[in-house]
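Two chains, two frames, a set of hints: combine them into the complex.
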Amino acid sequence: MLNYDVVVVGCGPAGSAAALRAAKAGKKVLAIERGPEPGSKNVSGAMIRKDYVSSVFGDGLPFEREVQRIKLSLYNGDSPVDIEFSPENLVTTGRLKFDKWLSSVAENAGAMVISKTTGLELKWENGTAKSLVTDRGEVTADAFVLAEGVNSLLSMKSGIKKDFTPDTAVQAVKEVYAVKKEDINSMFNLPDESKGLAWRFVMTDPLIAGFLYTYKDSVAVGIGSPIKELVSRKMRPEKVLDDFLDKTGLAKKFEGYSLREYSAKVIPEGGFPSMNPGKGNVYLCGDALGLVDPLTFDGISPAIASGTLAGDAAASGLSQDIYYYNLVKDPEISKIVKERPLEGRMLGTDAASGYINMLSSALNSWASGDLLGIGKIISSNFRNVMPDLIEFMTKMR
Amino acid sequence: MRTEEKLYTLRYKKDEKPHLSIRDSGLCLECEKENGNPQPCILICPAGVYTWEDKKIVVGYENCVECGACRIACPYDNINWEYPRFGRGIALRYA
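Chains as they are written, first to last, in our numbering: chain A, 1060 to 1456; chain B, 263 to 357.
The following block holds chain B by itself, in its conformation from the complex (with noise of 0.2 Å):
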């Protein structure tokens, strides 16, 4: 099964504002360089939310499953890591 098919088994509502960001995307090209591809983050996320794109990081915050393991792999401290406001992000039925 497809990483976003299991994806689908959540219960989700987006927060409007993104709570991950990129803070310096200067430093996502020194990790690429020095980590090659997949970078820590595109490889640790378990819900896709990160991926390369034009030698950037894209972030796909509306499919992260809040588990916070990005933000301690990424080797420069890279991730605005927040929590979604208002009650919003995933919520867990069967965990």
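Bound conformation, chain A alone (with noise of 0.2 Å):
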């Protein structure tokens, strides 16, 4: 049977992170990778913070677009209001070639990666994981970690967590289409193929969340809402998906452009903190672990940050106390934790219209010179909502 030190699961970000620190320890690591390449089971917005990426992978970092603009629309009725940020730092990448890059990084600092292998069970001893038994044979190993996505079977089977619920998970679709470069630039009122647009949308009635990412010759669209929403409601997500395609006016946008791929994920809305790391020598990171920010739906920065923490307690035999204390302590980890109650009341299925009703009466107030109705709406609303929205805003960006 063949040994390692360190056994990781999953080569998305989480995995190649922890890959990277075990590996840079000395370890001798496997990573193993259930699809032909990393990243081909992968789906995301996938904008991503360039400096904190490279902070842990170094340079090199495949991307698409710099995001010039971030437009986020929030939907009363037919007409949304606008409001636009200028970001730094952000960036749009394809995630065949982001996972694959990063996990070379791991690879040339040592780390053994072998794709098309499914881990299927962890054999325990006393409250020890021992091997793990793949569709390709079995690996014996002194630490393990579990990056292995959303769907995190062996921490189930283990025992380590419970399956996330319809009210803690968000079905999301997406659809990329290909987009000649200079189509995109006229479309969305870019300078040049080297700057892009990141756009946000929420819908209530029914609660959808969208979302929109330029890459560099195709343009991302998708809808994310809760499952329990989707489910009581009789609501198809890819008929969502068209009614959000068709009600923004985007189907018309991409009429006569050609779909490249159609592609689904379950989005985590909740766990870590409110669930064990791991057990044991078991460490478990990533979307494992409901680490998804809530609001910006970004899902790699954490990803990377709990991994980066798991291949340290891999390495070095952490207690599942340490680990923990590690991961609420870190500050893209905390930022998730804080921000879930926050979204609660701002996206709460019955809480969202309220907010955004105020909003936009609140903005048409302003616009027909109604300045005694804005003092009204928001003196009245401003003691449960002005700070939330704002706190909203600021951290969208």
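It is worth saying that the hints were derived from the structure and are not from the lab.
Where hints are given, some of them may not hold.
When the alpha-carbon atoms are kept at most 25 Å apart in a straight line, the in silico SDA-like pairs for lysine to any residue are as follows [as the list claims (entries may be wrong)]: (1) A:LYS1216 to B:TYR338; (2) A:LYS1293 to B:VAL320; (3) B:LYS279 to A:LEU1179; (4) A:LYS1293 to B:TYR274; (5) A:LYS1175 to B:VAL311; (6) A:LYS1175 to B:PHE348; (7) A:LYS1298 to A:LEU1309; (8) A:LYS1175 to B:GLU344; (9) A:LYS1298 to B:THR265; (10) B:LYS279 to A:ILE1173; (11) A:LYS1287 to B:GLY288; (12) B:LYS317 to A:ARG1295; (13) A:LYS1156 to A:LEU1401; (14) A:LYS1182 to A:GLY1218; (15) A:LYS1275 to B:ARG273; (16) B:LYS275 to B:GLY322; (17) A:LYS1298 to B:LYS279; (18) A:LYS1298 to B:PRO300; (19) A:LYS1221 to A:LEU1309; (20) A:LYS1175 to B:TYR323; (21) A:LYS1275 to A:ASN1248; (22) A:LYS1388 to A:LEU1401; (23) A:LYS1298 to B:ARG285.
Here it is as structure tokens:
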């Protein structure tokens, strides 16, 4: 039987960060990936913070466009209220190229990466995991990192976590359209192919978060909606996406362009720290811990942050208490922990329409010169709504 | 565009062994009584994997986009959800 110091399951951002750290610590590391290559099973909006990724993985990050503008459209009925920001340091990236690069950095640091290999079962003895059974054989190790994504089958089978539930999971569907570079620039008012747009939409009734990201010669667009909401209202996610594209006028924009790829992903909306981050010598990270920023949908930064800590923990055999403590004090992760209650208030199924109605009527009063109207709207809502709203807007940046 | 047409954009290699299955088809009957048609798994799947035929859920696992929503949505925890083996299933290029 093969033997390693550390075995990492999953070669997404969390797994590659863990493999990189453990390899850098001088450990003999095996990282397995169930897809034909790293990134081939991964779906995201794929907007990342370049400086943060580079601080862990170094230079050479492959990206599509620098995000020049973030646009936020809040829909109350048919007409949106739009807000725009100019962010710094954000880029869009395609997951196949991005995840392959992350994995190659771990490989160059000495980790062994094997794809087309699925982890099937961890074998335990007295609370310690001894070996991992895969579809290609069994491997023993001193420590294991489970960076297996939102469908964390090994973590669940090992009794470390329970599955996500319809109210702690968002179903997202995504389409990527092939659009010529120049056409993207004129479509979204971008100066050239190095600059991009990230566009977020919030609609209520039904509650939908929409997104659009410009890649170099394609545009990714999609929606996410809580599984509970979709099921209780009998709405099919692909129909919700079609309706969203119609309502926003995007369907018309993409007319005549071909669909390059269709995909779907469950986005976790809960998890750590209300679950254990591991057990014995097994450490979970990334989506397996439910670490996705609820406001920006960024799962990649917290995946890298938790993967780094999991790699350290696995390399030095840290106790679960210390691993837990390291996670909660990490700024990328504590941010999510702090934002979850805010998100609950802002985007909770019932609350969202209140916020958006308030904002759009305030802006309408402003546009029509009814300053008294704004005063009324704001003062009657100030106590419960305004602080959340302002916090929400600043966090969206 | 129909869902089947959207699925044509995906690179796919079939694992002969189904990675999705129903644990107890009796529970599906109960679910239909409780939730009507379409049931949560049929509704939430963006790839049309599940259909209701002759009072049974039929699983077209070769359409699966591996999102996992059906397993989470099933009110009876009645879907045995595994990964396709040996790197098979979908292989995304542009996501």
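Taking the hints in turn, this is what the structure says about them:
1. A:LYS1216 to B:TYR338: holds, 18 Å
2. A:LYS1293 to B:VAL320: Holds, at roughly 20 Å.
3. B:LYS279 to A:LEU1179: holds, 14 Å
4. A:LYS1293 to B:TYR274: violated, 29 Å
5. A:LYS1175 to B:VAL311: holds, 23 Å
6. A:LYS1175 to B:PHE348: Status holds; Cα separation ~5 Å.
7. A:LYS1298 to A:LEU1309: holds, 15 Å
8. A:LYS1175 to B:GLU344: holds, 15 Å
9. A:LYS1298 to B:THR265: holds, 10 Å
10. B:LYS279 to A:ILE1173: holds, 22 Å
11. A:LYS1287 to B:GLY288: OK: LYS1287 (chain A) and GLY288 (chain B) at ~23 Å, within 25 Å.
12. B:LYS317 to A:ARG1295: With a Cα-Cα distance of about 21 Å, the restraint between LYS317 (chain B) and ARG1295 (chain A) holds, given a limit of 25 Å.
13. A:LYS1156 to A:LEU1401: Judged against 25 Å, a Cα distance of about 34 Å means the pair is violated.
14. A:LYS1182 to A:GLY1218: holds, 12 Å
15. A:LYS1275 to B:ARG273: The hint holds at about 21 Å.
16. B:LYS275 to B:GLY322: holds, 14 Å
17. A:LYS1298 to B:LYS279: Violated, because 30 Å separates the two Cα atoms, which is more than 25 Å.
18. A:LYS1298 to B:PRO300: holds, 14 Å
19. A:LYS1221 to A:LEU1309: Violated, at roughly 38 Å.
20. A:LYS1175 to B:TYR323: holds, 19 Å
21. A:LYS1275 to A:ASN1248: holds, 14 Å
22. A:LYS1388 to A:LEU1401: holds, 19 Å
23. A:LYS1298 to B:ARG285: violated, 28 Å
Comparing the model with each earlier hint shows violations of hints 4, 13, 17, 19 and 23; every other hint is respected.
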